[in-house]
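Required output: the full structure, derived from the provided sequences and hints.
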Amino acid sequence: MMVEATWTLRTDARRARWGAFGALLLLLTLLLGACAEPPNDLMKKAEDALLDATRVSECAEEEYRQAEDMLRQAKALVESGDYDEAAIKADAAYQLAQKAKAKGEANWEECQKAKAALAAGSGAQSGGDRPAKLEAAMLKTIYFPYNESNLSEEARATLQANAELLREFSDAQVTVEGHCDERGATEYNIALGERRAQAVRKYLMQLGIDGARLGVLSWGEEKPADSSGTDAGFARNRRAEFTLR
Amino acid sequence: MTKLFTVLAAILASFALLAPRADAQEPDNRGIDIEIRGGLKRALIPIAIPPLKSLGGGDATIAAEVRETITRDLQISGYFSLIPEDAIFFDLSSDGLTPTTINFENWSNIKASGLVKGGFKEASGQVVLDMRLFLVDKQTQANLKWEPKAVGRDQLRREAHEFADALIEYYTGNRGIFGTRITFTAKGASGQKNVYMMDMDGANLRRLTNNDSINILPTFGNGGVYYTSYKDGNPNLYLWRGGSDKLVSSQPGQNSGAAFCKGKLAVTLSQGGTNTDIYLIDPNTGAIQSRLTDHWGIDTSPTWSPDCARIAFVSDRAGNPQIYVMNADGSDPRRLTHQGTYNTNPDWSPQGDRIVFSARDERGAFDIFTVDLGGAIERLTQNQGSNEDPSFSPNGRYIVFVSSRGGAGPRIYIMREDGSHQVLITQSGSGFSSPQWAK
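As you go down the protein sequences, you meet chains A and B in turn.
What the first sequence shows, in the working numbering, is residues 1 to 245, in sequence order.
What the second sequence shows, in the working numbering, is residues 1 to 439, in sequence order.
Don't read these hints as lab results, they were simulated from the structure.
Model, not experiment: these values are computed from the prediction.
In this text, a Cβ means the ideal position worked out from N, Cα and C, and glycines have one as well.
Mixed in with the good hints, there may be bad ones.
What the hints assert, rightly or not - If you anchor each label on the Cβ, the simulated ranges turn out as follows:
(1) B/GLY191 x A/ASP82: 28 to 36 Å
(2) A/GLU109 x B/GLY273: 34 to 42 Å
(3) B/CYS308 x A/ALA225: 35 to 43 Å
(4) B/ASN174 x A/GLU79: 38 to 46 Å
Unchecked claim - In silico DSS-like pairs for lysine-lysine, Cα to Cα no more than 27 Å straight-line:
(5) A/LYS223 x B/LYS187
(6) B/LYS121 x B/LYS53
(7) B/LYS231 x A/LYS223
(8) A/LYS99 x A/LYS140
(9) B/LYS145 x B/LYS111
(10) A/LYS45 x A/LYS75
(11) B/LYS264 x B/LYS231
(12) B/LYS187 x B/LYS246
(13) A/LYS75 x B/LYS187
(14) A/LYS223 x A/LYS140
(15) B/LYS145 x B/LYS439
(16) A/LYS223 x B/LYS246
Claimed, not checked - Just so you have them, the derived chain B footprint on chain A, three or more residues with Cβ under 8 Å:
(17) 185 to 193
(18) 213 to 219
Written out as structure tokens, the structure is:
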């Protein structure tokens, strides 16, 4: 709208401005030639790779954390305008994320078995082959796509495992806490987080868990699990977590 | 290439604003064309504010505080260009406070159109201001709707704001907004959020909640500030009034989005189910009076029309959040926004003709738009970080909002209702959200 209005200026005024404008155009061209663009493609590539690795991150924790950290550094450099250095870090983040993914995938079964053994082992001291009581950390977190509260196949599989634990520890009472990523509207996100937590509760009830044992609380976007501001970080914030009541 | 064009367009536009207006008519010092939307045709009124004089008692800090307050108000207003102090080349000591003792030729030479002059008296802790507006071209004193009164030092700023409000009313026909307040939330170092209140120029900051929990979504109403807090383990609705808190609504699940209008309180409740809807509740006891929406979708964020006859709200019943309007009894809901896939945070203008809201684009960034009741959209912010949570000033001429521009995190800005003249209000800190103007 502003540009259109500029053309309506009277000719005499316009002519006076074109001289100065020409000089400015020249200056601008020189400036643009001298300074580089932020490495958007590399950043995007690194973010995507990190997101891709999220799913197996628990079996390549060290590598995943390094990749995340590297991407954070790259972001900070973009912010401060140091694009060359940012590009190097972004590329490093990409390499690390790929490494994390490869390791997590290769390592997955063994690592899951080790974790299960560890969980069983911690209970073994108190007699029997199971822990004495349910720990919140044993119940796995469920993740959701953007602005969605539907449960994916993966989420259902995780919840089946959680339901197994809830059946085993039949006196445990839990709260399902729904969360959103921090890009939405504050109030709408409380509703969305509640919907996510309710979807989890409903599915667990379908699996035979008594609804009276399952509380629901939505934190909306107020308690992000990951404040990196990356797409991978946002994905980790769209979740339903379990706490013990 | 598109980026380059955008830069050039911006430069062209700024030229149009800055260059002397060879095609303009004699500047009209009543500033008639400020009504025009789009920003270009408005001429800023050049105004000078020389230092105040002591007319008996008091000290230089009074003069400085009043002058600084009025100067900032006029800068924020977006109607004036302030004549810099070093442009005043002549001796002020012989320049008086009446049309016959002011050397208008001097002021005309430095291109002042308006001239704010004044003095103050102080006796036994009470200050009386004597502030005046002169019209340099006409060599007369303007007749302002402002009566000076004796005030304590702690009220001096407010008194200066009232003078600035009267000055704005003289030029625009609408009372200014400088005596008004804004509530908002600020994030603390360990993730807690608390509710604050400040004067609209960022002064007199005051904290309303003080706990380690999450306190969010403050709105003015019922003589206080409603807000949602997790301090008791569920997002409940509280009313802060006169320094104390009162629990208003603690239905299981969501209790939020309080919108108060002439004794009626609309809120968002989920009642522990999956279905978040808009209800009317008793403003003091929280007792549910009626359910206004009953849809499987999420319905949140009610905002009243100024006559309290209608309510705009957010609903995702069409698959993603959009702005809807219904009657105050919940009848005749209809969709107002049809562009974009994430439109939220509506606030109805005091004039009643449009609703401001924030819309999220594919990149995840928000910008601020208005929609009139026929569905026509106007964009107010663009390409400057993420901009959200808009709220109209009581006179409808300004909008307060949160912006992430400048890379310093979310901070509070105001802009003119047409999107022009965007000014940072919070002078330090960041991590702010949900500003709401007291109306």
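Query raised in the report: For this structure, which hints from the list above don't hold up?
Result: The structure breaks none of the hints.
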